[in-house]
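All chains, full assembly: derive it from the sequences and hints.
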Amino acid sequence: MVVSRDLQHEVEQFLFHEAELLENRRFEEWLELLTRDVIYWVPNIRDDSDISDEAMISYEGYDELRARTVRLRHPLNPTQKPPPRTRHFITNVSAEAGEGGELRVRCNLLVYVSKDGKVVHHPGTSEYRLREEDGSWRIASKKVYLITNDLPLTPLPIM
Amino acid sequence: MTVYAGSAYASLVMGDQVDSGVYTSPEVFEQEMRRIFGRTWIFIGHASEVPNPGDFKTVQIGQWPLLMTRHSDGLVRVLFNVCRHRGSKVCYDAFGNTNSFMCMYHGWTYDTAGALNAVPLLDHMNDLDMSSHGLVKVARVETHRDFVFASLSPEGPTLAEHLGRGTYYLDVMTDRAPDREIHATRPIRYEYDGNWKLQFENYCDNYHPWYLHNSAISVGVQMMKEKYGDIFASSRRSDAIAVERSFGAAHSMTDFAGTRGAMWMDAYSDPAFLEALERRDGPERAKELLDLDWHIMIYPNLLLHTRLNHYRVINPVAVDHTEVTAYACKLGGASDQVNDRLVKNTAHHVSALGEIQVDDMQAFNWVQKGLTSGAVERVNFKLRGGNEHWNDDGEYEWTGASETMMRFQYQEWARLMSDEAR
Ligand code: FES
Ligand SMILES: [Fe+2]
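From first to last, the protein sequence lines are chains G and B.
All letters in the first sequence, in the order written, are residues 1 to 159 by this note's numbering.
All letters in the second sequence, in the order written, are residues 1 to 422 by this note's numbering.
Keep in mind that a hint or two might mislead.
With a straight-line Cα cutoff of 16 Å, these simulated EDC-like cross-link-like pairs (lysine to aspartate or glutamate) come out [what the hints assert, rightly or not]:
1) G:LYS115 - B:ASP266
2) B:LYS344 - G:ASP53
3) B:LYS287 - B:ASP175
4) B:LYS369 - G:ASP116
5) B:LYS344 - G:ASP116
6) B:LYS344 - G:ASP50
7) B:LYS344 - G:GLU60
8) B:LYS227 - B:ASP266
9) G:LYS118 - B:GLU191
10) B:LYS344 - G:GLU54
11) B:LYS287 - B:ASP270
12) G:LYS118 - B:ASP193
13) B:LYS225 - G:ASP116
14) G:LYS143 - G:ASP48
15) B:LYS227 - G:GLU64
16) B:LYS344 - G:GLU64
17) B:LYS227 - G:ASP63
18) B:LYS225 - G:GLU64
19) G:LYS143 - G:GLU60
20) G:LYS115 - B:ASP193
What the hints contain is simulated information worked out from the structure, not anything from laboratory work.
Below, the structure written as structure tokens:
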């Protein structure tokens, strides 16, 4: 079931806001967008890979993501010297009602990463479950399907 | 650009220094592919990657597009993924299961042993002998405990001679599984803009972690403390000291021997795992196998990790570009709980969104740029280990961080790069 025009607009604004936080390295504010039981998931090789059985490019909960943001701020983190510069382009947003008042959101995603004199891009699709907590939307799960997930990769920023 | 003639390659190695051209010269790279990768034993895959008849994987090593298959006779073969008609390819997927490979260009079809068994318009061909037009096999294939190696050279040392004491380490890697079998899972792949040797040298380089991985280690320890209390400090033997060994021609290993405490031991928290090993080997050996924390390097392209339980294959693409494929392995006879965690820990260690290997990739990129600038002529491997000596197993052994194993690797590199090596 398609959501109302207002809700569609709200969802899009939410995704743009998330992208802006990541692009501007406002990682602590990004963490606040997540539920405590969040799953952040980037499948490896194929989109329908099985978490019980296969390695993932990322499969992290809140604590791991918080540790990641602390590492990103650490003065001796070699991958942040200098930090990659990123832009997240988000299109083809669709939202529908999910279970228990959650929203199921899908969008296309194109992340550009500028690092060490090279620009690489990562096209893909993101799938979210958004849950309302304390009057605002929070990310209960985010799954990023990169069309490059079957290639050898260089370090990725939070997508 | 310097041009090196014949055995002049050996002169690029000067004891504890090597000419930076070994990392940056396209000519050296080309000769390495011929003289090292084209001559010695290279690791292709683990037989568990192709568990069933008809299973295959395609793998690129250097310029060679290879195909590892398991045929209906149960044997693993290594073939060139190149059609015998006019040279197109016959297998298009990274992995899968099939009973035949059909070249899409003109339809020549091969079985999983590489035999040519169908040729369209065969009646109209000039005397085509199908039996001599199967997929080209690599010259030699040998397997040790399911680790499949190939040599593109019909002559030379056997795999057992090449591995030397390496067979023992591959045995232990495998025997840590209660069933004495490990099972590779779908790999994580990464790449960097640097020479292949940077990855090989780095894997047992214990000089770098505290600096390069400082952020990952300190944040990791901090997070562990918040979650479980101070298990890192309490699990780390204060008298522990890492032992390193070089063996065979240019292989080496590090035994972390308790210096990394409980790191990644969460995977083994299921008591049934230790119990299964105890039933098999008795309590003392079982505990040893449980705690085992080894990095093992088999020259020139295989790296193994006992605690995270994975192996990695290095694929040199160009003098300044390398791909690495990491296979987390499940331990046969261990619970899903153990194996899930092993796979997740490996992925978190090596992936592009992981927390350790990304640091190394960054350093490789920096080194390659630095050396390509030509600013420094020589690279230094001067660090000595403690108490260096030959041990009873015929290995050269020492304690603590050192660059001794790199000196061994470059001795062998110089030997292989000379004209008369075999
Ligand atoms: S090239 Fe393969 S059938 Fe012609
Ligand atoms: Fe490292």
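Hint by hint, here is what the structure shows:
Of the supplied pair hints, the one linking LYS115 (chain G) and ASP266 (chain B) is violated, its CA atoms being roughly 34 Å apart against a limit of 16 Å. For the suggested pair LYS344 (chain B) and ASP53 (chain G), the alpha carbons sit about 9 Å apart, so the restraint of at most 16 Å is met. A distance of roughly 13 Å separates the Cα atoms of LYS287 (chain B) and ASP175 (chain B); the hinted pair therefore holds under the 16 Å criterion. Taken as a hint, the LYS369 (chain B) and ASP116 (chain G) pair is honoured in the structure, with Cα atoms around 10 Å apart against an allowance of 16 Å.
Annotation: proposed proximity of LYS344 (chain B) to ASP116 (chain G) is violated, straight-line Cα distance about 29 Å (limit 16 Å). For the suggested pair LYS344 (chain B) and ASP50 (chain G), the alpha carbons sit about 12 Å apart, so the restraint of at most 16 Å is met. Distance restraint check for LYS344 (chain B) and GLU60 (chain G): the Cα-Cα separation of roughly 10 Å lies within the 16 Å cut-off, and the hinted pair is therefore satisfied. Straight-line distance between C-alpha atoms of LYS227 (chain B) and ASP266 (chain B) comes to about 12 Å, which keeps the hinted pair within the 16 Å bound.
For a cut-off of 16 Å, the pair hint linking LYS118 (chain G) to GLU191 (chain B) stands: about 14 Å separates their Cα positions. A distance of roughly 8 Å separates the Cα atoms of LYS344 (chain B) and GLU54 (chain G); the hinted pair therefore holds under the 16 Å criterion. With a C-alpha separation of about 14 Å, the suggested pairing of LYS287 (chain B) with ASP270 (chain B) holds against the 16 Å cut-off. For the proposed pair LYS118 (chain G) and ASP193 (chain B), the alpha carbon gap of about 11 Å is at most 16 Å, so the pair holds.
Restraint check for LYS225 (chain B) and ASP116 (chain G): the C-alpha separation of about 34 Å exceeds 16 Å, so the hint is violated. Distance hint between LYS143 (chain G) and ASP48 (chain G) is fulfilled; the C-alpha atoms sit about 11 Å from each other, no more than 16 Å. Between LYS227 (chain B) and GLU64 (chain G) the CA atoms are separated by roughly 11 Å; this keeps the pair inside 16 Å, and the hint holds. With a C-alpha separation of about 12 Å, the suggested pairing of LYS344 (chain B) with GLU64 (chain G) holds against the 16 Å cut-off.
In summary, the hint linking LYS227 (chain B) to ASP63 (chain G) is supported, as the alpha carbons are separated by about 9 Å, within the 16 Å threshold. Between LYS225 (chain B) and GLU64 (chain G), the direct Cα distance comes to roughly 14 Å. Compliance with the 16 Å bound is thereby established for this hinted pair. The straight-line distance between the Cα atoms of LYS143 (chain G) and GLU60 (chain G) is roughly 11 Å, inside the 16 Å bound, and the hint therefore holds. Taking the CA atoms of LYS115 (chain G) and ASP193 (chain B), the gap is near 12 Å; set against the 16 Å cutoff, the hint holds.
The earlier numbered hints that this structure contradicts are 1, 5, 13.
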